[in-house]
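Enquirer: Chain residues, written in single-letter form:
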Amino acid sequence: MSAYLPEIIINAGIFSMFFALISTELMAASSLLFKYEESTKKVIPFIIPIWEITGTFFIFYAVNMESLIPSVLPFLAYAFIVYILIFLILYIGRNSAIIVAETIWKNKLISKKSLYRIYAIITYIIGAIIFVLYTALISGKGVNFNAQTFNLLKFVAYLPDDGFIIGSAILVFGLASVFYGLNVNRFLPLIVTVIGLIIAAVSFLKLNDIHNLYYLIIPVILTILAPVLYIIPSARKLISNKILFQTVIALATFFIIASLYPNMLGGTATITPLLNDSAMQIQTFYATVVGGIMLFILTYVFFKVAYFKNRSGEANLPEEVTQ
Amino acid sequence: MVSIGNFDRFMMGFTLGSHILIVTLSIALSIFISVAEFLAIRKKDLYYYVLSKRLTKAFVIFFAVGTASGSVLAVELFSLWPPFMVLIGKVDILPFYYEVFAFLLESICLVLYFYYWDAFKNRYHHWILSVLIAIGTVMSAVFITLINAFMNTPSGFNIAVYKATGAVTDVNPIAAVLSPSALWEVTHVVTATVTAGMFALLAYFAINYLKSREKEQKHVYSLGMKLAIIMGTISVILAGLTGDQSMRMIMTLQPLKYAAVELNYFHSQALAPEVLGGILINGSIHYGISIPGLQSMIAFLSLNSTQVVPGLLSYPKSLWPPLFVHLTFDTMVGGGTLMGLYALFLSYLIIRKKKFEFKLYLYGMVILGILAEVVYDSGWVTDEVGRQPWIIYNVMTVQSAANLSPSVIPLGVAIIIFYLAVVPFTFYFAARVLKNDSIGNELIKEKNNTDFVRHDIPLTKQDRDIPGSGGKR
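Residue numbers (our numbering), protein chains in the order written: chain A, 1 to 323; chain B, 1001 to 1473.
I should point out that these hints are in silico values taken from the structure, not numbers from a laboratory. Not one of these hints is a red herring.
Think about it this way: if two alpha-carbon atoms lie no more than 25 Å apart in a straight line, the pair counts; the simulated DSS-like pairs of lysine-lysine are:
1. A:Lys106 / B:Lys1057
2. A:Lys113 / B:Lys1435
3. B:Lys1057 / A:Lys108
What the simulated footprint calls covered on chain A by chain B, stretch by stretch (three residues with Cβ under 8 Å from a Cβ of chain B suffice, anywhere in the stretch; the number is not a length):
4. 42 to 55
5. 71 to 79
6. 90 to 101
7. 274 to 283
8. 292 to 304
C-beta atoms are modelled at their ideal positions from N, C-alpha and C, and glycine is treated no differently.
Put together the whole structure using the sequences plus the hints.
Expert: In structure tokens form, the structure reads like this:
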């Protein structure tokens, strides 16, 4: 078993935090599309203060990758350039749509509802692109590392690739009702989540040579626990705590990454020989420790102001934002 | 036909140019809002309070789009210039890494500052957030400029070995961060950015002052003008001083770039003339004004120095950057000087407690705001084009670093078109949001706010002409 290097743990930690944030946006997207009226009270007040932070964590993760494995950048740039550029266009579209939705005045051309739905659709597509890229790096299907190419058809033709993405989408859809406390049949989130989990988990096992299989027990338990607690009225309050829920998502993601390490591309390659020079790793480690302490303090202040002063965990938003 | 390498260059330049338009305003706004809120709390002044609150709405819009365009640049760097980012990743990734934390500081504090505006009973606690936002915003600019300084004067690895073999050895990440040009480049870029943003804000206030009919509106905009003038004047003076030092540094560390921006069509020369304007045609300079000895005098601060300034003819022509950088340099220096003089004049008016009632002054402020952007962009073009054909000076050429995948072109065109729509829309939208929520409405909303009061508004000339006017609301 390969030892877990500090820089790998840091990278996995950053990705887990990023994924915890983007997944709450993906859950918000399904609510905005299918239950808009309810979302104006339960979803929008939550996502408005955090969508900027999601973007910041995305950059954090991208830069950490650049420092961790710079020699892989040409491969990523050539193999995935089409998807990266589409992602960039959508990313600007996402930010523009939500900031305009927040501040737009009443007019005949476009409503807040339409803008939030545009944001939701774009978020879905962005989520799909992220899933495709990461699934491709895990399974290696359609990827030719030496030729620096990626063939989408070959990727799609491999069923576990599709199963992992579709299963994850169903899972996110199921958890959305729990996370945002939407008015649905209380058993429905559990049923949908379990279906999504089975499809995603079975597919995941076929994607790669899972190095530490027993690690997957943790995300499986955590994922099922959330909708189960949601069924029990006395435990519902516990799981509707958004800080706890996001921590659960981050932990689950971290252990999924840990189960794969150090394998990538369907077990045909490992990440360790690609890591950056040690002098740079030491400096980025110091920077992460100092920056991490600052981030911890900021997060504490954020939760203190956003959650403990206002127990609902929602922003004191100007009226025009949610109307 | 445009090569893919040149397309990459154009796309990068275009997206970066669009991004800095937004960023100059974001940086200036972060400082401006913090100062305005401090004055509001200190003086218990409702007008400063409304000013800071209004501008925060615009700041959030610019931040949202600026974040997106900044993210685009971060991803473009490795997708359009993979070999460049491999070298940066191995030698000089630290400033990017530091920048992320500055960015996190800015974004988390901004979320708290804007969305939880009323959650702070002690207003100084709220104000501290604005200081942290300003620190985060300015430090982001500092760290990104450190990368540019490395591109101009690379250090922190064995360059000779890299050029001979392509191997990256003897990496010293801290030496790469603190490259020889870092100090003066960072100080010049930051002060110039604040200048451009402050004068753009000044133009905005001036236009709205001209349009305003209500006394309280005019008062709020005149407060904005005063703050923008004071901070703009300080920063333009600092930008001039640091720019002067930057040129001396370039003369030593990037002599060919210096020769190009000064249009020195000679080998090297003592008592060199300063050429204002001018184009090099068939080996001679046309349409320029040559002032004997002035360049050497400015460079060495001496009337008869025997030291020489570098000239273009000492270098192979294939390594010359495009010589239009001389014109962009002259635009930057000439325009910057004009800006500085007008800013000093406006500051003089403030010291003498004169009002900005004379319309010519206000139109001048609008022109100043436009000129500031032209000057700022000219400076940026001078720096970037002046380094050509290198992406990292004397180490890696732009062409050798470019992503030559044909897929770049159609999607790159789509991104450019998208930017052409999004950037003007952002400015329009921010202005419209502020226009929709008038100052009068905001003052009414704050009528129950006991922390701040409506101080007496000083009399304007028009007020004095109206019998019985007390100058109060």
